[in-house]
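Using the sequences and the accompanying hints, generate a full structural model.
Sequences listed follow chains Y and V, in order.
The end of the first sequence is residue 116 by the numbering used here, with every number in the run present.
The end of the second sequence is residue 1104 by the numbering used here, with every number in the run present.
Be aware that one or more of the hints could be misleading.
Cut-off 25 Å, straight-line C-alpha distance, at most; resulting in silico cross-link-like pairs (DSS-like, lysine-lysine) [claimed, not checked]:
hint, chain 1, residue 1, chain 2, residue 2
1, V, Lys834, Y, Lys98
2, Y, Lys60, V, Lys898
3, V, Lys1033, V, Lys920
Hint data in this document are derived by calculation from the structure and do not stem from the laboratory.
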Amino acid sequence: MNRRGKLFKKYDLLLVIVIVVGFFVFYSTRSREGQSIEVFVEGKLFMQITKPGTYELHDGDKYLMKVVFNGQKVHVEDSNCPLKICERTGNVGPGGTIICVPNKVLIKFRTNVDTAVDVMTW
Amino acid sequence: MWKRDSKNILKLDKRILLVGVSLLVVLLALFLTSFFKAPPSYYELDGFTLGTYCRIVVSSKKNSKVLAQVIFNELERIYKKYNPNDPNSVVSKINASDDWVDVDEETFVLLDAAVRFSKLTEGSFDPTLGELIQLWGFDRIAEKLPSRVPTSEEINEALKRVGVDKLELDFQRRRVRLLHGAKLDLGGIAKGYALDRAYQVAKEVDKDCTGFVEAGGDIRILGPKFGSRPWVVGVRDPRNAGSAIAYLYLTSGAVATSGDYERYFEAEGVRYHHILDPKTGFPARGAISVTVVADNAVTADALSTAGFVMGAQWEYVVLEFPKLGGSVLMVTEEGSIRRSATMVVYEQAR
Chain Y
-5 MNRRGKLFKK YDLLLVIVIV VGFFVFYSTR SREGQSIEVF VEGKLFMQIT KPGTYELHDG
55 DKYLMKVVFN GQKVHVEDSN CPLKICERTG NVGPGGTIIC VPNKVLIKFR TNVDTAVDVM
115 TW
Chain V
755 MWKRDSKNIL KLDKRILLVG VSLLVVLLAL FLTSFFKAPP SYYELDGFTL GTYCRIVVSS
815 KKNSKVLAQV IFNELERIYK KYNPNDPNSV VSKINASDDW VDVDEETFVL LDAAVRFSKL
875 TEGSFDPTLG ELIQLWGFDR IAEKLPSRVP TSEEINEALK RVGVDKLELD FQRRRVRLLH
935 GAKLDLGGIA KGYALDRAYQ VAKEVDKDCT GFVEAGGDIR ILGPKFGSRP WVVGVRDPRN
995 AGSAIAYLYL TSGAVATSGD YERYFEAEGV RYHHILDPKT GFPARGAISV TVVADNAVTA
1055 DALSTAGFVM GAQWEYVVLE FPKLGGSVLM VTEEGSIRRS ATMVVYEQAR
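Laid out in structure tokens, this is it:
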């Protein structure tokens, strides 16, 4: 009994706690990704926006649209498409999407925060 | 014979034992985390087909990525087959003929369903609006919409070629015929049909797959989220795209929305949208958004269009459409939300 008691001293237990807590801190930090705006053109990732600003999209020489990210929401300020649905969509927050069918552009506001809504009907 | 000596354990280096215990704790924690955490991961495929954006979110014990592609291919097949702007489509073939046209079983069943929904909704859903849609310019999805309102003469002329009575089905010989220059446009039902086909092909590949398929805001549920939870479907605020006016909790079935905010132009301060009233030839008035939940996407799609057209009679829509299999949530022109009593079932988180 006496020898078994010596096997796990106070500091040993502390070491176990440090290892376990350290692992979970590393694990949770590693799995956390910041929010970003992903722009897809014809299904392919075209641009990833992580910093606020105004970004112009060009497909080769062809101007497509101007995307504005203010750090919290994203919107299309100007588009060459005839329908302008993407412009009318307005500001979109985390989890939201902006779609331009004629240009086949998809703008996704990625976030690791659970937005509660899986999909929108419109 | 080897004799077990429990004292040997105590002779082991203490640090090795400590690290071992730590690893065991971590592994146990990971096991418990994965056990209690939702097990399946969802593969997501985004694409453009059916004249709109589509999103496939699926989880399968088989290959989810392959399954998503199979579903997308099926949506694309339906789009090519029934796209009135594709000269090689079945719809174009029927529209180009003033005689009987032999059609395949799939087309015949779809047209029969369209006729049935037209009759059930007293003509508010109409698959023969092709001529009228062309007149307004709403058929050209990739071009700028005209901002000219057709004259009354033009509309009256087009209305002569509208009406489900101008679509004949020959059940004996599986052929169809359009009369008096009528033109098919299956826009109010083909998307729903494509979503139902997506469901069917998905279940043929893996009957236990879960997820959903969305095409332009119409959604077909493949199975509950993580096998047991409802998918949370936000109903878009028709005047504020970034927010929702209601939330639906679905583990099966389908939901579709018709609104006046996607395809429209304004002339002299009036909004002219793409959902036309077959009786007047003008954009339907009374509602600005109609959402329908049904067991299948064809019903949801057809009834959301019909409900929108009948928007001025919202009492009829919210009371009668559940008898046709659709629960309704409507936003009227005044901004009031009207709903079927049956809609409450889907608005409660379970």
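Hint by hint, here is what the structure shows:
no.	hint	verdict
1	V/Lys834 <-> Y/Lys98	17 Å, holds
2	Y/Lys60 <-> V/Lys898	19 Å, holds
3	V/Lys1033 <-> V/Lys920	14 Å, holds
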